[in-house]
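There are 2 protein chains.
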Amino acid sequence: MRWWGWGDPGHGPILTGAALDFLNGEVGVAPDPRPPVALANVSLAASALDEGTLEALRAVVGSEAVRSDHAARVFHAGGKGYPDLVRMRAGEPEGAPDAVLLPSDREHVQRLLAACERSSLAVVPFGGGTSVVGGLAPLRGGHRGVVALEMQRMGRVLGIDRASLTVTVEAGARAAAVEAHLAQRGLTLGHFPQSFEYVSLGGCAATRSAGQASSGYGSIEKMVAGLRLCAPSGEIELPAYPASAAGPSMRQILVGSEGILGVITELSLRVRPAPRERCYEGVFFESFAAGIEALRALAQEHARPEIARLSNEQETRVSLALAAAGGGVKARAGEAYLRARGYGEGCLAILGYEGEPAEVHSRRRRAHALVRHLGALRVGRSPGEAWARSRYEAPYLRDELLTHGVMVETLETATQWSNLKALHDSVERAISETLAAWRTPGLVMCHVSHLYDTGASLYFTFLARQHDEQAIAQWRAVKEAASAAIVHGGGTITHHHAVGRDHAPWMVDEVGTSGRAALQSLKATLDPAGIMNPGKLIA
Amino acid sequence: MRWWGWGDPGHGPILTGAALDFLNGEVGVAPDPRPPVALANVSLAASALDEGTLEALRAVVGSEAVRSDHAARVFHAGGKGYPDLVRMRAGEPEGAPDAVLLPSDREHVQRLLAACERSSLAVVPFGGGTSVVGGLAPLRGGHRGVVALEMQRMGRVLGIDRASLTVTVEAGARAAAVEAHLAQRGLTLGHFPQSFEYVSLGGCAATRSAGQASSGYGSIEKMVAGLRLCAPSGEIELPAYPASAAGPSMRQILVGSEGILGVITELSLRVRPAPRERCYEGVFFESFAAGIEALRALAQEHARPEIARLSNEQETRVSLALAAAGGGVKARAGEAYLRARGYGEGCLAILGYEGEPAEVHSRRRRAHALVRHLGALRVGRSPGEAWARSRYEAPYLRDELLTHGVMVETLETATQWSNLKALHDSVERAISETLAAWRTPGLVMCHVSHLYDTGASLYFTFLARQHDEQAIAQWRAVKEAASAAIVHGGGTITHHHAVGRDHAPWMVDEVGTSGRAALQSLKATLDPAGIMNPGKLIA
Numbered sequence: 001m002r003w004w005g006w007g008d009p010g011h012g013p014i015l016t017g018a019a020l021d022f023l024n025g026e027v028g029v030a031p032d033p034r035p036p037v038a039l040a041n042v043s044l045a046a047s048a049l050d051e052g053t054l055e056a057l058r059a060v061v062g063s064e065a066v067r068s069d070h071a072a073r074v075f076h077a078g079g080k081g082y083p084d085l086v087r088m089r090a091g092e093p094e095g096a097p098d099a100v101l102l103p104s105d106r107e108h109v110q111r112l113l114a115a116c117e118r119s120s121l122a123v124v125p126f127g128g129g130t131s132v133v134g135g136l137a138p139l140r141g142g143h144r145g146v147v148a149l150e151m152q153r154m155g156r157v158l159g160i161d162r163a164s165l166t167v168t169v170e171a172g173a174r175a176a177a178v179e180a181h182l183a184q185r186g187l188t189l190g191h192f193p194q195s196f197e198y199v200s201l202g203g204c205a206a207t208r209s210a211g212q213a214s215s216g217y218g219s220i221e222k223m224v225a226g227l228r229l230c231a232p233s234g235e236i237e238l239p240a241y242p243a244s245a246a247g248p249s250m251r252q253i254l255v256g257s258e259g260i261l262g263v264i265t266e267l268s269l270r271v272r273p274a275p276r277e278r279c280y281e282g283v284f285f286e287s288f289a290a291g292i293e294a295l296r297a298l299a300q301e302h303a304r305p306e307i308a309r310l311s312n313e314q315e316t317r318v319s320l321a322l323a324a325a326g327g328g329v330k331a332r333a334g335e336a337y338l339r340a341r342g343y344g345e346g347c348l349a350i351l352g353y354e355g356e357p358a359e360v361h362s363r364r365r366r367a368h369a370l371v372r373h374l375g376a377l378r379v380g381r382s383p384g385e386a387w388a389r390s391r392y393e394a395p396y397l398r399d400e401l402l403t404h405g406v407m408v409e410t411l412e413t414a415t416q417w418s419n420l421k422a423l424h425d426s427v428e429r430a431i432s433e434t435l436a437a438w439r440t441p442g443l444v445m446c447h448v449s450h451l452y453d454t455g456a457s458l459y460f461t462f463l464a465r466q467h468d469e470q471a472i473a474q475w476r477a478v479k480e481a482a483s484a485a486i487v488h489g490g491g492t493i494t495h496h497h498a499v500g501r502d503h504a505p506w507m508v509d510e511v512g513t514s515g516r517a518a519l520q521s522l523k524a525t526l527d528p529a530g531i532m533n534p535g536k537l538i539a
Numbered sequence: 001m002r003w004w005g006w007g008d009p010g011h012g013p014i015l016t017g018a019a020l021d022f023l024n025g026e027v028g029v030a031p032d033p034r035p036p037v038a039l040a041n042v043s044l045a046a047s048a049l050d051e052g053t054l055e056a057l058r059a060v061v062g063s064e065a066v067r068s069d070h071a072a073r074v075f076h077a078g079g080k081g082y083p084d085l086v087r088m089r090a091g092e093p094e095g096a097p098d099a100v101l102l103p104s105d106r107e108h109v110q111r112l113l114a115a116c117e118r119s120s121l122a123v124v125p126f127g128g129g130t131s132v133v134g135g136l137a138p139l140r141g142g143h144r145g146v147v148a149l150e151m152q153r154m155g156r157v158l159g160i161d162r163a164s165l166t167v168t169v170e171a172g173a174r175a176a177a178v179e180a181h182l183a184q185r186g187l188t189l190g191h192f193p194q195s196f197e198y199v200s201l202g203g204c205a206a207t208r209s210a211g212q213a214s215s216g217y218g219s220i221e222k223m224v225a226g227l228r229l230c231a232p233s234g235e236i237e238l239p240a241y242p243a244s245a246a247g248p249s250m251r252q253i254l255v256g257s258e259g260i261l262g263v264i265t266e267l268s269l270r271v272r273p274a275p276r277e278r279c280y281e282g283v284f285f286e287s288f289a290a291g292i293e294a295l296r297a298l299a300q301e302h303a304r305p306e307i308a309r310l311s312n313e314q315e316t317r318v319s320l321a322l323a324a325a326g327g328g329v330k331a332r333a334g335e336a337y338l339r340a341r342g343y344g345e346g347c348l349a350i351l352g353y354e355g356e357p358a359e360v361h362s363r364r365r366r367a368h369a370l371v372r373h374l375g376a377l378r379v380g381r382s383p384g385e386a387w388a389r390s391r392y393e394a395p396y397l398r399d400e401l402l403t404h405g406v407m408v409e410t411l412e413t414a415t416q417w418s419n420l421k422a423l424h425d426s427v428e429r430a431i432s433e434t435l436a437a438w439r440t441p442g443l444v445m446c447h448v449s450h451l452y453d454t455g456a457s458l459y460f461t462f463l464a465r466q467h468d469e470q471a472i473a474q475w476r477a478v479k480e481a482a483s484a485a486i487v488h489g490g491g492t493i494t495h496h497h498a499v500g501r502d503h504a505p506w507m508v509d510e511v512g513t514s515g516r517a518a519l520q521s522l523k524a525t526l527d528p529a530g531i532m533n534p535g536k537l538i539a
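As they're listed, the protein sequences go chains C and Z.
Oh and the first sequence: position 114 is 114 in this note's numbering, straight run, nothing missing.
Oh and the second sequence: position 46 is 46 in this note's numbering, straight run, nothing missing.
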């Protein structure tokens with residue numbers, strides 16, 4: 001992974017000249033590219049750890065598993081949120097871990113936590129490094145120093161229970177590696193967040209991740225059957241029971257705990273037979289409201305696709321324009337066809353069905369009847385296949401846009417079906433008005449995805465000309481306006497990005513002062529010295 | 001509800017002479033019936049509350065909402081577990097609330113908790129009064145007295161959100177009343193625990209109840225979208241979001257909290273369209289193991305029924321014998337038919353499908369193909385309909401058996417599919433051996449129900465001659481042996497009966513010492529004076 005941005009350093013550019021021209025017309029781009037600084041020019045304070053402290057850590061995991069070189073510290077200096085990228089590209093991260101620790105097993109983790117507690121070191125558990133909400137910020141929280149607990153050596157698949165359809169993995173296992181392991185055995189986890197190429201499953205569980213196919217396979221909270229957590233106060237081991245009525249759900253306390261209670265070290269996850277049939281297709285609706293009604297019907301009437309995403313008018317328009325700018329003739333012909341059929345201002349939905357052929361066939365047949373009844377136009381598989389090809393591309397594109405001085409950020413929420421359109425409108429307005437007030441009018445796009453019986457998520461993407469001097473303040477203003485609109489509009493502050501540092505101010509809106517006090521008491525019990533990931537979630 | 005047992009006082013007897021003869025042959029019955037004592041002869045200590053304390057409570061809710069008469073205190077002296085019934089029938093409950101409080105709204109509840117905290121009174125939230133695990137035991141926990149917080153006046157349906165398919169109710173609302181309200185509007189909650197006729201929905205949420213149709217509709221934890229809880233430290237209000245990634249799940253902390261953190265006062269619950277088709281049918285398997293394989297296939301291969309229960313050989317034999325003893329010719333003819341087809345020693349499963357006719361039809365077709373492939377014999381709808389007719393009868397029968405000196409108790413667990421048969425065998429053995437050691441050899445029956453992707457529950461029912469002098473000690477010995485077999489055999493200590501007082505000793509096996517400490521810290525924060533339902537869950 002690039003230290004200054006997303007993904008494989010060998011990944012080629014995506015943005016065509018025509019696409020850049022389009023964006024220049026929409027929001028404006030910088031006259032000259034702004035590449036990131038060189039790694040050597042990233043400025044870090046010297047590590048705060050003295051030789052005695054380093055020796056104590058080396059005594060636990062061995063000397064090659066305690067790193068404090070420049071590259072390791074820079075790489076672990078944050079996640080991949082917009083402010084992380086802005087700062088890192090400029091060579092000015094807010095700080096970095098004083099050391100990076102690489103445990104190989106649970107015993108290492110437990111002993112490292114004890115050593116860090118003794119030495120007053122804050123601990124940031126580090127999985128795939130993909131947090132977009134400041135969940136990896138190397139904050140000391142009043143301690144003498146801070147270390148990153150890099151989980152990459154704890155990536156083993158420990159076993160598969162075929163009868164019970166579960167896989168047990170170490171928490172550092174990457175989603176992509178586990179998916180490949182399962183695929184060889186005819187199974188799938190079905191967890192495909194946009195960060196799929198890098199994300200660790202422990203990180204997914206710690207952040208309540210939901211994948212692109214969560215409408216069908218469920219979010220990670222539905223998949224976690226059992227887990228182990230190393231907390232400074234001791235280990236909690238929860239077997240992979242299918243269900244239990246034994247009090248508050250300890251599983252659902254540890255899932256979503258974002259490293260503030262301890263380190264998830266092991267997971268037992270529900271798997272499914274790998275789908276033998278996959279069909280991703282495009283459907284056009286005359287309006288966003290009509291599309292929402294259709295998705296609701298699919299979710300509630302036994303026709304739910306594994307993948308569902310309905311773009312609003314703006315996102316549809318921009319997607320088609322960028323496709324035309326990239327792909328040329330075919331996309332433009334498609335646009336003309338839609339206009340001719342009266343869907344020129346409409347909304348595109350991608351519906352993806354996966355499973356056994358006969359079951360997929362009957363579910364799709366029900367779905368087609370439902371959407372036809374609601375005025376939809378099916379436009380075949382090519383939009384679905386185009387989406388599938390580029391499903392993990394957005395973070396690469398974001399880096400390229402940053403090079404061209406374009407701010408791009410995403411945020412998300414979820415609410416009941418009855419409130420979805422109203423919440424969409426008010427959040428869209430809050431983002432647009434704030435960007436306009438900064439004299440950087442934006443492109444605000446949204447899609448509905450992650451369908452439930454009772455509601456769905458809204459996922460906003462917005463682009464604007466990056467403010468030249470105050471890029472972080474500009475971002476913060478929009479984030480605050482959007483978050484206020486979300487909590488006052490009846491949405492959760494986060495559907496799947498997690499809380500981290502960025503959403504922590506709104507946790508009191510989410511669970512109230514008593515609820516926050518309850519979470520604080522959990523932390524005080526499991527992490528009495530307060531070393532675990534300070535400044536996140538309930539800071 | 002009868003104060004000494006279950007149900008409507010007008011409900012007639014179920015046990016026929018032939019059935020009693022059968023049971024006499026199997027486990028022995030008492031020579032003479034042993035009816036409960038008269039209500040007036042139940043011995044209670046005088047209420048510990050002085051006039052000043054009663055006045056303070058009356059000032060909150062009005063004088064008719066503070067009861068301390070004999071009948072009210074007796075009725076709230078416990079739940080409907082086996083030891084509760086044994087003690088109550090003998091007129092010797094372990095204690096009773098000093099008063100029964102009847103709040104009418106959330107503000108009442110919050111102010112009553114404050115008044116109880118000031119007066120050092122423990123508070124036992126009381127919904128339908130159906131706990132079978134000692135969850136309602138009027139324990140003082142070191143306080144000056146104890147009151148029951150009777151929720152019956154908080155039973156309103158507050159609203160239905162048709163688009164989002166949720167209903168919002170006060171927590172004292174009875175499942176049966178809400179189901180009737182929904183039925184008039186073409187909806188169903190789908191929550192049908194055996195206690196359905198009496199249970200409150202707040203009680204269901206507080207105890208992680210699972211209904212008989214949970215394989216299809218999910219257990220209550222899947223239904224709770226939003227809730228409000230009055231804790232002594234303040235109120236927690238959680239809106240009905242479809243999902244959230246905002247930290248540990250506060251919903252799943254309060255669901256299952258069994259009154260130890262506060263009082264659930266309001267719930268928003270997912271509902272479904274009322275099924276237009278219901279089909280409950282019987283299927284015979286050659287063995288319990290074959291039946292388990294079939295249920296696993298149904299659960300994992302898109303053919304899961306709403307209701308599934310597979311009786312083991314013993315439960316099948318006893319059910320058929322009791323049906324023959326009650327119903328005569330038809331049941332005996334059925335038995336002869338099964339023997340002729342080679343299923344004489346087999347296992348009966350009831351599979352119940354509900355929903356839209358076309359969808360039910362296609363799911364049943366898949367189910368029939370799967371079970372046929374696994375050697376099952378379909379025996380038509382009459383066993384399913386017989387089960388449906390008597391689905392809430394077991395607690396009535398239990399009272400009649402107690403009158404005849406027969407101990408009858410149930411307990412349950414859940415585990416992974418790969419472990420289900422082994423856990424069944426070890427728990428069955430533990431119960432049988434303990435009963436034999438007490439020289440009261442028993443009938444130990446079991447069924448698999450509540451299907452999940454990764455496993456299912458085991459529900460044990462056992463009958464034995466009640467020990468004449470030491471009925472409670474006899475019961476406790478079996479309970480301890482079965483619980484030890486469950487936790488050592490890889491099962492959860494409770495799948496849907498909850499923890500209460502009876503399972504509290506095994507919570508440390510369930511969540512570990514760190515997990516239990518975490519739960520204790522939640523309680524210390526939300527209920528700092530420790531007045532809420534002391535002695536339960538994490539005692």
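The set of hints was computed from the structure by calculation and includes no laboratory data.
Every residue, glycine too, gets a C-beta built ideally from N, C-alpha and C.
Heads up, some of the hints might be wrong.
[Claimed, not checked] Covered stretches of chain Z, as calculated for chain C (at least 3 residues, CB under 8 Å):
#1 206 to 212
#2 234 to 241
#3 296 to 303
#4 351 to 363
#5 388 to 397
#6 511 to 518
Structure-based check of all given hints:
no.: 1; hint: 206 to 212; result: holds (count 4)
no.: 2; hint: 234 to 241; result: holds (count 8)
no.: 3; hint: 296 to 303; result: holds (count 4)
no.: 4; hint: 351 to 363; result: holds (count 4)
no.: 5; hint: 388 to 397; result: violated (count 0)
no.: 6; hint: 511 to 518; result: holds (count 7)
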